[in-house]
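There are 2 protein chains.
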Amino acid sequence: MALVVQKYGGSSVGDAERIKRVAERIVATRKAGNDVVVVVSAMGDTTDELLDLANQVSPLPPGRELDMLLTSGERISMALLAMAIHNLGYEARSYTGSQAGVITTSVHGKARIIDVTPGRLKTALDEGAIAIVAGFQGVSQDTKDITTLGRGGSDTTAVALAAALHADVCEIYTDVDGVFSADPRIVPDAKKLDTITYEEMLEMAATGAKVLMLRCVEYARRFNMPIHVRSSYTNKPGTMVSGSMEDLPVEQALITGVAHDRSEAKITIVGAPDEPGTSAAIFRAVADAEMNIDMIVQNNSTEGTGRTDISFTLPKEDGAAAMAALQRVQEKVGFKGLLFDDHIGKVSLVGAGMRSHPGVTAIFCEALASAGVNIEIISTSEIRISVVCRDTDLDAAVRAIHDAFELGGDEEAVVYAGTGR
Amino acid sequence: MALVVQKYGGSSVGDAERIKRVAERIVATRKAGNDVVVVVSAMGDTTDELLDLANQVSPLPPGRELDMLLTSGERISMALLAMAIHNLGYEARSYTGSQAGVITTSVHGKARIIDVTPGRLKTALDEGAIAIVAGFQGVSQDTKDITTLGRGGSDTTAVALAAALHADVCEIYTDVDGVFSADPRIVPDAKKLDTITYEEMLEMAATGAKVLMLRCVEYARRFNMPIHVRSSYTNKPGTMVSGSMEDLPVEQALITGVAHDRSEAKITIVGAPDEPGTSAAIFRAVADAEMNIDMIVQNNSTEGTGRTDISFTLPKEDGAAAMAALQRVQEKVGFKGLLFDDHIGKVSLVGAGMRSHPGVTAIFCEALASAGVNIEIISTSEIRISVVCRDTDLDAAVRAIHDAFELGGDEEAVVYAGTGR
Chain A
1 MALVVQKYGG SSVGDAERIK RVAERIVATR KAGNDVVVVV SAMGDTTDEL
51 LDLANQVSPL PPGRELDMLL TSGERISMAL LAMAIHNLGY EARSYTGSQA
101 GVITTSVHGK ARIIDVTPGR LKTALDEGAI AIVAGFQGVS QDTKDITTLG
151 RGGSDTTAVA LAAALHADVC EIYTDVDGVF SADPRIVPDA KKLDTITYEE
201 MLEMAATGAK VLMLRCVEYA RRFNMPIHVR SSYTNKPGTM VSGSMEDLPV
251 EQALITGVAH DRSEAKITIV GAPDEPGTSA AIFRAVADAE MNIDMIVQNN
301 STEGTGRTDI SFTLPKEDGA AAMAALQRVQ EKVGFKGLLF DDHIGKVSLV
351 GAGMRSHPGV TAIFCEALAS AGVNIEIIST SEIRISVVCR DTDLDAAVRA
401 IHDAFELGGD EEAVVYAGTG R
Chain B
1 MALVVQKYGG SSVGDAERIK RVAERIVATR KAGNDVVVVV SAMGDTTDEL
51 LDLANQVSPL PPGRELDMLL TSGERISMAL LAMAIHNLGY EARSYTGSQA
101 GVITTSVHGK ARIIDVTPGR LKTALDEGAI AIVAGFQGVS QDTKDITTLG
151 RGGSDTTAVA LAAALHADVC EIYTDVDGVF SADPRIVPDA KKLDTITYEE
201 MLEMAATGAK VLMLRCVEYA RRFNMPIHVR SSYTNKPGTM VSGSMEDLPV
251 EQALITGVAH DRSEAKITIV GAPDEPGTSA AIFRAVADAE MNIDMIVQNN
301 STEGTGRTDI SFTLPKEDGA AAMAALQRVQ EKVGFKGLLF DDHIGKVSLV
351 GAGMRSHPGV TAIFCEALAS AGVNIEIIST SEIRISVVCR DTDLDAAVRA
401 IHDAFELGGD EEAVVYAGTG R
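Quick note, the sequences are listed as chains A and B, same order. With the first letter of the first sequence counted as 1, position 170 gets the number 170 in UniProt numbering; the numbers rise by one all the way through. With the first letter of the second sequence counted as 1, position 49 gets the number 49 in UniProt numbering; the numbers rise by one all the way through.
No lab work stands behind these hints, which were simulated from the structure alone. The reader is advised that the hints may include incorrect statements.
Intra- or inter-copy, both count: the list cannot distinguish identical chains.
[Said to hold, decoys possible] Below, computed lysine-lysine pairings styled on DSBU-like, alpha-carbon distance capped at 35 Å:
no.	residue 1	residue 2
1	K236	K336
2	K332	K210
3	K191	K31
4	K336	K122
5	K332	K20
6	K144	K336
7	K144	K122
8	K316	K144
9	K316	K122
10	K144	K31
11	K144	K110
12	K20	K316
13	K191	K332
14	K236	K332
15	K122	K191
16	K236	K144
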């Protein structure tokens, strides 16, 4: 008998009908002889509706209370899902993050999981019940207050519970058939990947593939927990995320896929003194404002001026705060001006085979050139190349690279609407 | 410094605007130098909406999961209320029933409070915070599962917390100005009572006065906790429920008020054998179906037939099940038929002075006769007379009795819409 942890996102449990379908799938897994633990997100738009209520009451709600509010979303979906399973003749019990033993830091809104003590879940399984757990939430170790885990929190809950319970697999149900060689909405012949290593998945997630969040993949890699990403609308196998690059057979495909990202903006510091300490002062200012920066490029000093331009990318929503932080240090650092550009896109090529094939970068750049896409910033890792281009060129860039590396499959990918948290 | 426990019902926190008004009232109480603990119900229609969702998923949802679902209602309102208080510059922390130490039996949907261990509330108060507690819910002592307390649960939560914290007063905010000598919607000159004893309030609640639920008054009497029933729309003092009849001064008003009830139905067992054991068999059948019966009347045996009619009243919603239970024993008991009548009303007169004034019953019946109201069943306690009449006669009956005992005040009562749980 295997132990399967399943995670269903908000769109999978968006209304009563969908909840009943998910219940059928869970019961089918149970009937096949598995112990089942299910992690569930809040129904469809619940979280947005609750946030809207909070904003009506207070412009800056305290984190503790916002977490208390938002965690009611999963409470609703998990209780309804347990009811639907009961209705099919199987015992199911719902548990809040706190009851399931998800112990976190006390940073409200983006707590991190410290420990998982799933005693009540084990008891439920021993008694033959299916355990339904609220995703996205836990209880802080210090204050015993209810916390939420922030973006990707439900996926992380699922992986963390799977690791703590020594599950055989963690199935993440989503609205796509798995991880694709590119976004099927942009590249119609994008191919579903049957397997992908943790490292490749990390690079794909970090560069914009939305199917799995970075932290969830990091957690899975740390505990070596296989993740099966699959669709809640079909019974087809999805993509198995597991194993290390080191274990890949030599004949493994060179390239995994193309990821893209429209969520970033670019800030350019114009005319900064080309001397030691300038970059340090600039990035200290941004770091102190708690911004995460992504790619950085520093031009060669314009001859004779002793000055240079420095550009970096960061999430669009952090743009305003970063500009303000930089403006405050302008005089001290001595740069001439600041530019903000949120019409950029980023396209990345990921593949474990890349590191031993120096020709990849050349093919990559030639493909972009043929498609008439201008490269503004370029950065690479051992298994990834990323470039920044105009946002209007992004779709063409994704298609050109996908074609150049012959990543396409034979059939068109099916695309569903909606996404969960 | 006094400790005040306040309870706000669902209509008082029905939307963001009302939540902000309630927050202002709470802060005013805090500013006046009091420690404040607030018990809050779910917003307006939340509970009905959640029940509707449950019914879409399962025709007979398990009690444990229904309680898990419904308790999300208070979670939402309490977090929003805490945010609104923060926004006014005061520290507020919300607590679920479980976190507040409300320990209950494990009967889902109608759990009873066994114990209250408000350690976290005390800490919050000691640290200068206002504590907001979810009404209507607790955690079962045996299973550690979340429970709900059923009807009147939020009021009972407030009284129980007030008793456990040795509060000075428990204020129950509602949509009327207090307890009235009759329902102001029927009797325009009904008078707000300044004080009422626990015993009188119990009789009023038991006979249809909806402002306080029976179990909450029982709890308050047991712990001798004064309840101040008042309006959340004004600052006027309401009605203080406290003290025993035994302590009333001799010159205390004879009569407290008139209560009425439209929620009952009458079942008549026709042609039952007039012999020992008949009533026992009938009421055993009803009791085994877990019905609560209220008033009972048995006619004298019709001369020569050896048969009699027995009527009793019970909540309308239990009518169908009671009829079915009786039908199953018809052959064994040997009665001729069953009648069901849900067009009845019940009017009651309550007053601590009644027991020493035998003339009350006469005035009561004369008033009904003058108003042309026919009495179908009559029952009395030491401080109450109740009669069943046609439901169409009920308003006239209430007014006639209210007039006959000169219970009216000088000003018209203000009536607000809505009610909480």
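Outcome of the hint check:
Within a single copy, K236 and K336 get their C-alpha atoms no closer than 57 Å, and across copies no closer than 65 Å, so neither meets the 35 Å cut-off. Taking CA atoms no more than 35 Å apart as the test, K332 paired with K210 passes in neither setting, with 39 Å inside one copy and 70 Å between copies. Proximity of K191 and K31 under a CA criterion of 35 Å is satisfied intra-copy only: 32 Å inside one chain copy versus 65 Å between copies. Proximity of K336 and K122 under a CA criterion of 35 Å is satisfied in neither setting, with 62 Å inside one chain copy and 57 Å between copies.
Taking the closest pair of Cα atoms, K332 and K20 never come within 35 Å of each other, the shortest separation being 61 Å inside a single copy and 45 Å across copies. Within a single copy, K144 and K336 get their C-alpha atoms no closer than 49 Å, and across copies no closer than 63 Å, so neither meets the 35 Å cut-off. Taking identical chains as interchangeable, the C-alpha atoms of K144 and K122 lie at most 35 Å apart whether they share a chain (22 Å) or sit on different chains (15 Å). Proximity of K316 to K144 under the C-alpha cut-off of 35 Å is restricted to the intra-copy arrangement: shortest distance 34 Å within a copy versus 45 Å between copies.
For the homomeric pair K316 and K122, neither the shortest alpha-carbon distance inside one copy (43 Å) nor that between copies (44 Å) is at most 35 Å. Taking identical chains as interchangeable, the C-alpha atoms of K144 and K31 lie at most 35 Å apart only when they sit on different chains, with a minimum of 28 Å there against 37 Å within one chain. Taking identical chains as interchangeable, the C-alpha atoms of K144 and K110 lie at most 35 Å apart whether they share a chain (16 Å) or sit on different chains (27 Å). In this homomeric assembly, K20 and K316 come within 35 Å of each other (Cα to Cα) only across copies, at 33 Å, whereas the closest approach inside a single copy is 38 Å.
Taking the closest pair of Cα atoms, K191 and K332 never come within 35 Å of each other, the shortest separation being 51 Å inside a single copy and 74 Å across copies. For the identical chains of this complex, K236 and K332 are neighbours neither inside a copy (59 Å) nor across copies (61 Å), given an alpha-carbon limit of 35 Å. In this homomeric assembly, K122 and K191 never come within 35 Å of each other (Cα to Cα): the closest approach is 38 Å inside a single copy and 60 Å across copies. In this assembly of identical chains, the alpha carbons of K236 and K144 never lie at most 35 Å apart, being 41 Å within a copy and 39 Å across copies at closest.
Violated hints, in rising order: 1, 2, 4, 5, 6, 9, 13, 14, 15 and 16; the structure is consistent with all others.
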